[in-house]
Amino acid sequence: MGLTLFEKVWESHVVSRGEGRPDLLYVDLHLVHEVTSPQAFEGLRVAGRPVRRPDLTLATMDHNVPTGDDTPVDPLSQQQLDVLARNCADFGVPLYETGSGREGIVHVIGPELGLTQPGITIVCGDSHTSTHGALGALAFGIGTSEVEHVLATQTLAQRKPRSLRIRFEGDLPPGVTAKDLVLAAIGRLGVDGGVGHVIEYAGPVIEQLSMEGRLTICNMSIEAGARAGMIAPDATTFAYLEGRPAAPQGPAWEQALDRWRALPTDSDAAFDRELVIDVAAIRSQVTWGTNPGMVVSIDGAVPDPAEMDDADEQAAAERALAYMGLEPGTPIREIDVDRVFIGSCTNSRIEDLRAAAAVVRGRHVHPSVRAMVVPGSAQVKTQAEAEGLDRIFTAAGFEWRRAGCSMCLGMNPDILAPGERCASTSNRNFEGRQGAGGRTHLVSPAVAAATALLGHFADAGELVGA
Amino acid sequence: MKAFHTVTSRAAVLDRPDVDTDQIIPKQFLKRIERTGFGEFLFFDWRKDPAFELNQPEAQGTRILLAGRNFGCGSSREHAPWALEDYGFDAVIAPSFGDIFRQNSFKIGLLPVSLPAEQVRELMTRARAGEELTVDLEARTAGGFPFELDDFQRECLLEGLDEIGLTLREDAAIAAYEAAHTAPISTLTV
Chain U
8 MGLTLFEKVW ESHVVSRGEG RPDLLYVDLH LVHEVTSPQA FEGLRVAGRP
58 VRRPDLTLAT MDHNVPTGDD TPVDPLSQQQ LDVLARNCAD FGVPLYETGS
108 GREGIVHVIG PELGLTQPGI TIVCGDSHTS THGALGALAF GIGTSEVEHV
158 LATQTLAQRK PRSLRIRFEG DLPPGVTAKD LVLAAIGRLG VDGGVGHVIE
208 YAGPVIEQLS MEGRLTICNM SIEAGARAGM IAPDATTFAY LEGRPAAPQG
258 PAWEQALDRW RALPTDSDAA FDRELVIDVA AIRSQVTWGT NPGMVVSIDG
308 AVPDPAEMDD ADEQAAAERA LAYMGLEPGT PIREIDVDRV FIGSCTNSRI
358 EDLRAAAAVV RGRHVHPSVR AMVVPGSAQV KTQAEAEGLD RIFTAAGFEW
408 RRAGCSMCLG MNPDILAPGE RCASTSNRNF EGRQGAGGRT HLVSPAVAAA
458 TALLGHFADA GELVGA
Chain C
15 MKAFHTVTSR AAVLDRPDVD TDQIIPKQFL KRIERTGFGE FLFFDWRKDP
65 AFELNQPEAQ GTRILLAGRN FGCGSSREHA PWALEDYGFD AVIAPSFGDI
115 FRQNSFKIGL LPVSLPAEQV RELMTRARAG EELTVDLEAR TAGGFPFELD
165 DFQRECLLEG LDEIGLTLRE DAAIAAYEAA HTAPISTLTV
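Protein chains in written order, with my numbering: chain U, 8 to 473; chain C, 15 to 204.
To be clear, the hints were calculated from the coordinates, so they are not data collected in a lab. Take these hints with a grain of salt, some might be off.
To be verified - Chain C is faced by these chain U residues, among others (derived, beta-carbon under 10 Å):
| no. | residue |
| --- | --- |
| 1 | His20 |
| 2 | Thr105 |
| 3 | Gly108 |
| 4 | Cys131 |
| 5 | Arg166 |
| 6 | Ala263 |
| 7 | Thr297 |
| 8 | Thr337 |
| 9 | Arg340 |
| 10 | Thr401 |
For glycine and all other residues, C-beta sits at the position ideal for the given N, C-alpha and C.
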């Protein structure tokens with residue numbers, strides 16, 4: 008029997024294995040940020056342990072950093088940033104700090120630098136580490152105790168998860184994006200449908216997706232409960248990686264290609280579960296509730312909890328609607344928004360900004376909406392400015408900001424006021440995620456852009472003639 | 015790590031599915047650089063509601079939390095189990111957990127117990143009636159129901175073992191792996 012992509016990567020990283028205990032896996036790349044690492048470094052210090060492989064470790068500042076040019080950093084955030092800088096200096100860990108020109112959201116800079124490569128294992132103290140699986144890496148989020156374990160040993164004890172393949176088939180309707188595909192998949196699976204599994208996304212629709220689109224899809228694996236999502240490396244992956252700073256060069260590039268071409272799932276490999284999704288019926292998606300599985304088509308309406316079968320689901324939906332301030336049956340397109348956020352590790356790459364700019368060009372943000380664009384990294388920001396995207400956004404009335412996690416989780420000053428409603432390209436619509444009392448609806452960059460212009464949920468199609 | 019053997023206590027009931035770690039400990043409390051002191055911020059926004067389950071008199075002083083399916087989904091923040099533990103909980107019983115939350119809980123000696131949904135529901139009924147429940151790690155039972163936990167995880171918890179210390183005993187195996195595999199990347203030469 009053949010092996011899956013996931014099994015190939017897992018098996019090639021087992022350091023030791025024993026009856027009744029988890030496998031000890033080698034970690035090829037450990038990404039670190041300011042929020043989930045201070046206690047881990049402190050643990051090393053107390054135990055007198057060094058970082059085993061600083062050369063396989065990379066730190067950046069993303070969660071807490073202000074994105075306005077003159078915004079001050081609050082003292083607690085500044086302390087966390089300072090502690091990260093000191094820890095990196097003390098333990099010899101390379102750090103891309105704010106202003107270095109290479110800083111950005113940890114899941115944007117890994118692929119951008121070419122550090123994220125097919126067949127490697129990547130961990131980070133952040134649940135959206137699943138993003139990196141888009142290049143055929145096995146990448147998952149860990150907690151602070153595990154961060155300390157990886158810093159000290161470059162390994163992690165893990166039980167092998169089960170495997171789930173989601174095949175996207177059929178013709179992708181115009182205007183439907185990677186974000187819509189993954190939201191629709193989460194709606195189908197439920198927010199716990201992927202618990203205990205690694206998802207492989209496959210099928211003709213995935214094969215035709217750009218690298219950016221694949222990163223968006225793998226990013227949200229955790230929103231279905233799966234710790235990791237993966238996509239087989241192919242010509243798109245190789246073209247994306249070639250020439251990036253950390254990518255192999257010369258003869259090493261050719262050798263790497265040989266290794267990477269052997270990674271895709273064998274035709275006779277078996278998955279623990281399989282799901283096939285026909286994309287022909289998928290339209291732009293908008294979440295209506297307080298988790299990413301509470302999602303409908305933009306052409307749909309807010310669902311009625313009374314029509315739900317499961318008592319838990321019904322109670323959760325009632326709570327969600329009360330929190331979101333929505334009535335059952337309200338058409339999604341008739342819901343007005345106060346804020347629009349384009350950014351986050353889900354949708355802040357150059358292609359996302361191009362898609363939003365294409366909708367915005369020559370138009371203006373609705374007078375009742377405050378809209379902001381936060382590029383995922385300093386390099387994305389530079390590239391977007393070179394392409395003139397920043398001027399399209401600012402001319403339309405968007406705020407153009409510096410790189411960071413920003414309003415995805417509101418650890419910096421970018422937050423919603425209580426009751427404010429936001430169309431957001433981020434990944435979580437949990438209660439209070441973007442600010443206590445804030446109401447988040449997850450959408451694609453194109454829908455976020457059209458919504459900013461019209462003041463209510465809209466897709467680009469609605470702008471024709473508007 | 016704190017060792018866990020057995021706990022007997024009344025239990026608090028939080029009968030909601032998909033309680034995410036953003037609710038357990040909101041982001042504004044993740045800026046601390048210590049591991050301790052998170053308990054007072056547990057369920058910070060929900061606790062503002064007098065009707066919230068943990069605000070009820072019968073929930074005070076409980077050391078076991080009974081929760082709905084997919085408890086602890088979302089963010090990887092270990093601050094969530096830190097907050098539950100610091101607040102006074104030793105064990106959480108639910109039909110299922112977010113994978114990262116579950117893993118994080120084991121690492122700090124907060125025992126996550128998975129039981130079938132109907133058994134959790136029965137325990138909720140018993141807890142609401144004021145009955146004390148016992149979670150016994152040695153016997154692998156919770157409220158009398160057997161739960162699954164592998165020997166390695168159980169032993170780590172019973173002994174309060176330092177997992178990093180355990181792994182460092184395998185230094186030879188790690189060094190052998192490193193000798194046999196050229197690192198595919200280096201963060202120092204990017």
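Evaluated hints:
Hint on His20 (chain U) holds. Least Cβ distance to chain C is approximately 8 Å, under the 10 Å limit. With 10 Å as the threshold, the beta carbon of Thr105 (chain U) stays out of range of chain C, its nearest partner Cβ sitting at about 16 Å, so the hint is violated. The criterion of a C-beta within 10 Å of any C-beta in chain C is not met by Gly108 (chain U), whose closest approach is roughly 13 Å, and the hint is violated. Given the 10 Å rule on beta carbons, the hint for Cys131 (chain U) holds: about 8 Å separates it from the nearest Cβ of chain C.
A hinted interface residue such as Arg166 (chain U) counts as satisfied when its beta carbon comes closer than 10 Å to some beta carbon of chain C; here the least separation is about 8 Å, so the hint holds. Interface hint at Ala263 (chain U): satisfied, since its Cβ lies 8 Å from the closest Cβ of chain C, which is below the 10 Å cut-off. The closest approach between the C-beta of Thr297 (chain U) and any C-beta of chain C is roughly 9 Å, which is under the 10 Å cut-off, so the hint is satisfied. Annotation: interface hint on Thr337 (chain U) violated; nearest CB of chain C at approximately 23 Å, more than 10 Å.
Annotation: interface hint on Arg340 (chain U) violated; nearest CB of chain C at approximately 27 Å, more than 10 Å. Because the smallest distance between the Cβ of Thr401 (chain U) and any Cβ of chain C comes to about 28 Å, over 10 Å, the interface hint for this residue is violated.
Hint compliance for this structure: hints 2, 3, 8, 9 and 10 are not met, and every other hint is.
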